[in-house]
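Enquirer: The lines below spell out each chain.
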Amino acid sequence: MSRNVRLENCRIPAAAGMVLELTVNNHPGVMSHICGLFSRRAYNLEGIVCMPVGTGAMSRMWLQVNEAEKLEQVVKQLQKLPDVLAVQRHEGDHPVFAGLTAFTDSPRSTD
Amino acid sequence: MYTMNGARLIIKLLERQEVELVAGIPGGANLPLYEALAESRRLRHILCRHEQGAGFLAQGIARTTGQVGVCFATSGPGATNILTAIADAYLDSIPVVCITGQVPMSLIGTDAFQEVDIYGMSIPITKHNFLVRSVEELLEVVPRAFALALSGRPGPVLIDVPKDVQSAEISFHQWPEPGRRLETQPADRQQLAAAAEMINRARRPVLCLGGGIIHAEAAEEARAIVERSGIPAVMTLMGLGSMPAGHPQALGMLGMHAARSTNMALQDCDLFIAAGARFDDRATGRIVEFCPAAHVIHMDIDPSEVSKLKPANVSLVGDVRQSLASLLPLLECQERRSWWRQIQVLQEMYPMATPEAVVPEKPYGLILQAAAMLGEGGFVATDVGKHQMWTAQVYPLGRPRQLLTSGGLGTMGFGLPAAIGAALANPGRQVVLFTGDGSLQMNIQELATAVEQQADIKIIVMNNRSLGLVRQQQNLFYRQQFFASDFQIDIDFAAIARGFGMPAYSVPDNGELVGLMARLFSEKGPCLLNIPIDREEEVYPMVPPGAANSIMLGGSHVEKCQA
Ligand SMILES: Cc1ncc(C[n+]2csc(CCOP(=O)(O)OP(=O)(O)O)c2C)c(N)n1
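Chain order of the listed sequences is E and P. In terms of my numbering, the first sequence opens at residue 1 and continues consecutively. In terms of my numbering, the second sequence opens at residue 1001 and continues consecutively.
Hints in this document: simulated from the structure, not taken from any laboratory. Take the hints with a grain of salt, since some may be wrong.
[Said to hold, decoys possible] Simulated restraints on C-beta separations:
| # | chain 1 | residue 1 | chain 2 | residue 2 | range |
| --- | --- | --- | --- | --- | --- |
| 1 | P | 1427 | E | 55 | 47 to 55 angstroms |
| 2 | E | 27 | P | 1185 | 24 to 32 angstroms |
| 3 | P | 1428 | E | 54 | 53 to 61 angstroms |
| 4 | E | 50 | P | 1427 | 48 to 56 angstroms |
| 5 | P | 1185 | E | 91 | 24 to 32 angstroms |
[Unchecked claim] Where chain E lies over chain P, by a calculated footprint (3+ residues, C-beta under 8 angstroms):
| # | segment |
| --- | --- |
| 6 | 1114-1123 |
| 7 | 1297-1304 |
Even for Gly, the Cβ is constructed at its ideal location relative to N, Cα and C.
Produce the complete structure using the sequences and hints provided.
Expert: Here is the structure:
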């Protein structure tokens, strides 16, 4: 809460595709806090991967986003959440999602 | 070694936080908590008549003292009832800790009797929230909730405690430290220097003081800057009181119902310094046309506010009191004569109130009359509507925390319970409440709380037999179709108040008002005065919603603008 990060000087490229990697406290409400933030700020989430790390007290989340506009604001809002311990940005694609495209590229029929 | 159940642990932790008042209503899911509360010698419980009232009562405590206001509600309907007051605290950054009872852990998720997911529901309207899953967690969660509510940008925190967690026994060796406000990092030095240079070079700067000035106790620092650098100061609704209304450099409120001269001055400013203010649309009007010629310096403790709506040329992220104090020695002494001459011309051309408008029978006049009668050190609460804006426009507020008003959420029904909270937290000081006949009906049941607690509140019902501010919008923007805004029955509020056991008076049509007002203020304990107001009395000037602040309708000497 007292993290005093000055972000307005970091340039966000207008390019589409970016992955936010979050380190968060692992408890049942965290997912709601993160996803709720995105829907409340009217910001699209393209993909989410979440896995516990180490002993399971923390989780890592990868969020795929592609709206350059408002990203700055959403990152600042994420950093305010007490359960979010760190936010990292990765330009473009991220290997975490690469393996998953195999599942999404061949949509199964619903029968 | 200490051994007790979860409920007693919560009560002890609240005592260790030096909480004195708790507002709430009991129910099945928080009865263990009430059992423990009954045993407490330090905590005084204020039984409200609706949980929303309890939430606003806690806000009244928090807004006047800067300390955390605490409220309790049971699960399900108790918890949903309190949500509006929590959302209101969130939008105005008021430190509140709300503790709700929840069904036992084993029943969570089964649609049990009075089960709602209040944790999920309160996520978007709290600074943070907790669902406590074991009695051990309470040792960490309660102090943490207080630290979160008070630190950085203040706000509400909700703790949902299942009934079996309240009843579970715990043994522990050491009490946790009470949760306190944590210090923030100071603003960046280079940005401070850049801000100082910008202010020193500006020819027509304006300093805008928001609610953050009040939360940060930064009014003195703000005043020092204003006086040293010769800067005119405007205030947001939440910032009112941070400069005394009579100060020659205070231009009052900006925005939708500002004095015409204030909004016009802003159109011309070349530097807009926002201090603890967040560019709310009611303050800025159409944002792209707000202060079109100005550079922007933004001081805020919340980094996400800076450049959220208007890009800042210089940003001072940190405690605004510290930022202002560090800025002061970097500023040159200036008088800014030609800027002031320009402003004075505007002020003379467009005074807020004409002599005809300040007779006691008119809204402005009766507000000024009440101000003259309110005891030294008294507080002023409002509800939401025309009466609120009239009060914001002309009440001579003299100090921070004097005004209690629902700014961000604009919640009708805020006034009465907030006024009670203010009175109970500040014994010996009167609270005057300006309310409307519409707003009062939203939490009218709290008249009972006021009487039961003998809260020293003076209720002035500005009764225009309508939902006035809505009616005004219909008048101006919806073809004068007064649909669903005029009440079809007359309500005798004085009789209702007396029914609750409160002394009350009503001013008869063309009756003697000043005498009855004197009676109101000399009464011991709570008292109500109903004053008829003409339905057609409007709040002017008014910027149409969504329009630029340069487009103002009505107000005194409006004809001069038609040139
Ligand atoms: C809870 C709630 N419901 C609806 C509104 C919309 N609203 C804003 S002002 C207003 C009328 C207020 O009437 P009253 O309290 O009588 O005050 P007046 O404007 O007549 O002075 C209404 C309905 C609101 N602000 N809050």
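Enquirer: Return the numbers of the hints above that this structure violates; sort them in rising order.
Expert: none
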